[in-house]
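Model the full structure from these sequences, guided by the hints.
Now for the letters of each chain:
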Amino acid sequence: MTSAKTHRTAEEIGRTAVGPRPLPELGSQKAAADLSTVDTVLPNGLRVIAVRRATVPMVELRLRVPFADPAASSVGSAHSAQAEVLANTVLTGTASRSRVEIDTELALVGGELDAVVDPERLSFTGNALATGLGTVLDVLRDVLVNAAYPADELERESGRLVERISLARSQPNVIAREALQKLLYGDHPYAKEMPEADEVAAVTRDDVVALHRKALLPRGSVFVVVGDVDPAEAVAQVGEALSEWQGDGEAVQLPPLPPVSGGDVLLVHRAGAVQSQIRLAAQSIPRTDERYPALQLANLVYGGFFSSRLVENIREDKGYTYSARSHPEFTVHGATLLIDADTASDVTAAALLETRYELARLGMVPPSESEVDVARNYAVGTLLTSTSSQSGLASFVVNLVALGLGIDWLVAHPQRLQAVTPEQVAAAALEFFAPGNFTGVLVGDADQLKPKLSALGGVAFQ
Amino acid sequence: MASPELHRFTLPNGLRVVLAPDASAPVVGVSVHYDVGFRSEPEGRTGFAHLFEHLMFQGSESLEKLAHFRHVQSSGGTFNGSTHPDYTDYYQVLPSAALERALFLEADRMRAPKITDENLRNQIDVVKEEIRLNVLNRPYGGFPWILLPPVLFKTFANAHNGYGDFIDLESATVDNCAEFFDTYYSPANAVLTVAGDLDVETTKTLVEKHFGDVPARPKPERPSFAEPAPQGEVRQEHGDALAPLPAIAIGYRVPDPVTDIDGYLAYLVLAGVLTDGDSSRLQQRLVHQEGIVIDLNAGCGLFGPLEARDPDTFSITAIHTPEVPAEQVVAAIDEELQKLAQVPPSAEELAKVTARWASTMHKEHDRLTNRTLGLGSAELLFGRAELIYELPERIASVTVDEVSAAAKALRPDARALLLVKPTGGAQ
Chain Z
1 MTSAKTHRTA EEIGRTAVGP RPLPELGSQK AAADLSTVDT VLPNGLRVIA
51 VRRATVPMVE LRLRVPFADP AASSVGSAHS AQAEVLANTV LTGTASRSRV
101 EIDTELALVG GELDAVVDPE RLSFTGNALA TGLGTVLDVL RDVLVNAAYP
151 ADELERESGR LVERISLARS QPNVIAREAL QKLLYGDHPY AKEMPEADEV
201 AAVTRDDVVA LHRKALLPRG SVFVVVGDVD PAEAVAQVGE ALSEWQGDGE
251 AVQLPPLPPV SGGDVLLVHR AGAVQSQIRL AAQSIPRTDE RYPALQLANL
301 VYGGFFSSRL VENIREDKGY TYSARSHPEF TVHGATLLID ADTASDVTAA
351 ALLETRYELA RLGMVPPSES EVDVARNYAV GTLLTSTSSQ SGLASFVVNL
401 VALGLGIDWL VAHPQRLQAV TPEQVAAAAL EFFAPGNFTG VLVGDADQLK
451 PKLSALGGVA FQ
Chain Y
1 MASPELHRFT LPNGLRVVLA PDASAPVVGV SVHYDVGFRS EPEGRTGFAH
51 LFEHLMFQGS ESLEKLAHFR HVQSSGGTFN GSTHPDYTDY YQVLPSAALE
101 RALFLEADRM RAPKITDENL RNQIDVVKEE IRLNVLNRPY GGFPWILLPP
151 VLFKTFANAH NGYGDFIDLE SATVDNCAEF FDTYYSPANA VLTVAGDLDV
201 ETTKTLVEKH FGDVPARPKP ERPSFAEPAP QGEVRQEHGD ALAPLPAIAI
251 GYRVPDPVTD IDGYLAYLVL AGVLTDGDSS RLQQRLVHQE GIVIDLNAGC
301 GLFGPLEARD PDTFSITAIH TPEVPAEQVV AAIDEELQKL AQVPPSAEEL
351 AKVTARWAST MHKEHDRLTN RTLGLGSAEL LFGRAELIYE LPERIASVTV
401 DEVSAAAKAL RPDARALLLV KPTGGAQ
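Chains as they are written, first to last, in my numbering: chain Z, 1 to 462; chain Y, 1 to 427.
Quick caveat, the hints were computed from the structure, so don't treat them as lab data. Just so we're clear, the structure is a prediction, and the values are computed from it rather than from any experiment. For each residue, glycine too, the CB sits at the ideal point set by N, CA and C.
Using 25 Å as the maximum straight-line C-alpha spacing, the simulated DSS-like pairs for lysine-lysine come out as follows: (1) Y:219 <-> Y:204; (2) Y:65 <-> Z:318; (3) Y:408 <-> Y:154; (4) Z:318 <-> Z:452; (5) Z:182 <-> Z:450; (6) Y:421 <-> Y:154; (7) Y:219 <-> Z:5; (8) Z:30 <-> Y:209; (9) Y:204 <-> Z:30; (10) Y:65 <-> Y:209; (11) Y:339 <-> Y:408; (12) Z:318 <-> Z:450.
Here's a subset of chain Y near chain Z, in silico, CB distances under 7 Å, partners left out: (13) 61; (14) 62; (15) 73; (16) 98; (17) 122; (18) 130; (19) 133; (20) 139; (21) 182; (22) 279; (23) 355; (24) 362.
Below, the structure is given as structure tokens:
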């Protein structure tokens with residue numbers, strides 16, 4: 001059947017009379033403006049950092065309170081459940097403000113304030129129109145000093161928390177994350193990212209009030225303000241607002257974690273799954289290690305961005321996945337390297353094979369000078385773009401400071417990246433990306449996966 | 001933010017260009033919005049607009065496969081693309097030294113994308129993995145953006161799944177791609193936006209240099225996707241074997257945002273009054289007082305407000321406890337809407353919504369990716385990029401009576417009701 005030609009062929013579309021054109025060179029790059037900052041410690045022990053970034057008339061707030069379980073094991077410890085209930089109820093009322101009044105006051109200055117907890121820390125995140133900074137600080141002060149934990153709010157939020165945990169645990173990535181943390185750290189409190197329903201049900205108001213008094217402490221905590229503010233004035237305002245926040249002792253940091261050692265990938269059965277989660281992990285080094293910049297570039301070349309060997313292999317060449325990546329994860333004392341990929345059941349074993357192959361190849365056929373340059377330019381450039389917004393800068397700074405680093409690290413990091421040689425990247429690749437360093441989990445339908453994974457090897461079945 | 005300056009011009013080939021200089025950081029955003037989305041897919045070709053978006057990254061006359069990604073990332077930049085009901089966008093955000101490179105990359109694929117069968121087969125596999133990840137292998141996959149439209153709408157254009165059926169995706173051919181490109185990806189059917197650290201005259205010259213010789217092709221006639229609002233309440237149940245809790249989505253029609261933006265914005269404010277923050281009406285009642293809802297949302301547009309032309313959707317979604325029937329949740333929502341219809345909200349309720357929207361817009365504009373894409377979509381859909389800067393004021397001018405009227409218009413006898421039922425049993 002023929003019809004009137006209404007369009008060109010793909011071949012005709014893909015070429016012009018002029019032919020291929022050269023890629024334009026990069027222009028000259030302006031440096032980012034120097035950051036105007038004040039970094040100080042208040043008499044109550046709270047470290048406060050204020051940064052001026054007046055791009056929009058807003059202010060971003062981040063408060064990080066180290067909030068680790070002081071117990072050696074999560075077995076028999078009520079901390080995880082108590083901390084979750086605290087985070088879900090700390091903003092539900094104070095001695096003088098109801099939950100509705102808190103939200104109303106914040107809303108009228110275009111503000112928001114949220115609290116979340118994880119095994120390392122309790123984090124408050126907020127923002128408002130810059131003119132509303134005083135209001136948000138006053139609400140935060142009131143919550144830190146006078147949180148009332150109304151009994152009815154506590155009961156309802158505990159019930160809701162149980163439902164939200166069941167929602168989270170129905171997500172494959174959460175199933176995989178919990179299985180991985182359990183494999184890596186066993187009963188260490190760091191592995192317990194969510195409590196069980198019966199543990200939540202057992203939490204009393206007295207428990208939460210006691211935990212607040214004992215653990216929600218200014219000393220050891222960090223407060224970051226970024227926005228359309230004068231840093232000195234902002235620090236003074238924070239100091240005045242939060243001077244009432246007092247407490248004995250220091251907020252509890254996560255203790256050092258046991259190192260991750262290599263081993264079989266554990267298959268976790270999920271009946272009827274049409275896709276599998278591959279999650280691998282290995283020990284890595286913190287940002288303060290002198291080898292870190294080389295490791296950062298080696299990670300990019302492996303799977304840290306789109307133009308990486310892993311993505312180009314298992315996505316752009318073989319179509320095994322939509323999302324594959326590798327990334328470092330930092331705790332206050334250490335770091336791990338994580339590899340994530342989600343793949344259809346029938347290609348899962350092949351994707352695991354290629355993932356391991358690329359790990360070995362990174363050491364045996366180290367990143368070329370051009371691969372290193374692409375990764376380096378990406379690392380330097382995205383540092384610039386990711387810190388160009390108030391919220392991006394605030395989050396970046398609080399993460400750094402929580403790991404014991406400061407804004408000076410951020411400012412000096414591009415130079416560190418520039419100085420990395422391909423030899424250093426090759427050394428980092430060989431040392432940290434050896435396949436034998438890695439362990440991990442694979443969540444999927446065991447009935448479909450077992451024959452190929454058994455043949456591939458290096459996989460343990462439950 | 002000081003009133004930002006915008007510069008616009010149109011190239012002889014019909015490409016509309018918006019420049020939005022802002023020197024606060026040495027970074028620049030470049031985006032191209034094509035005036036075609038998944039509503040334009042023909043029957044039997046579901047998911048094609050999105051699949052084609054993937055192919056636009058697979059090489060062009062001057063760029064072999066993988067080169068686009070490498071050139072953006074080796075310039076220190078980030079990129080992405082996304083497919084919406086009425087448009088498809090592509091962007092790069094980079095250090096400003098790479099501005100010309102980004103223009104070159106966009107121009108090369110607007111002029112001469114290289115579409116091969118090998119890359120098409122590869123990206124069909126990738127898109128299927130994307131659908132498994134976001135829909136098939138997780139609870140509440142496609143809720144509500146894929147599941148609600150077939151309940152609210154009758155025509156194929158408005159009702160079908162924009163991610164596509166595997167059978168349709170697998171049957172796509174290179175010639176389908178060529179026809180789609182020649183029909184819809186003409187420069188006259190696109191808007192180029194450049195925002196951030198740029199010099200206006202230099203950028204204008206660079207735009208002309210790179211896009212000037214993209215051959216002119218006709219701008220396709222955009223069909224009307226209008227269809228009548230539902231007569232009565234249209235109900236549908238959806239079984240979800242992975243969901244632990246039941247959920248509902250209620251869909252209503254909203255005024256045409258292009259011809260009646262202020263009417264549309266009244267619904268946006270209503271959404272805030274209903275569900276934004278602990279002091280909003282439905283949060284207070286359903287989540288905090290009655291404790292029957294776990295998660296609650298309301299809003300205009302299934303991809304966000306002002307992201308589509310007419311017909312667009314107002315939706316309320318709730319994940320609720322299995323102890324209460326869906327009807328109880330729906331009845332409570334109807335009761336709250338009726339209260340608002342009878343007695344308008346207070347001035348303070350509107351002041352809260354207004355201030356939070358002002359903050360939200362500032363935050364959006366502070367992220368260069370969002371600002372660039374917001375300017376481009378506003379120019380494409382409304383012919384007015386500056387709309388994104390006017391929104392806080394327009395939202396603030398919505399009156400309590402207009403919000404009350406919007407609540408009154410959300411009638412039970414002209415809506416879609418989707419009920420998500422967990423079917424996995426106790427696991």
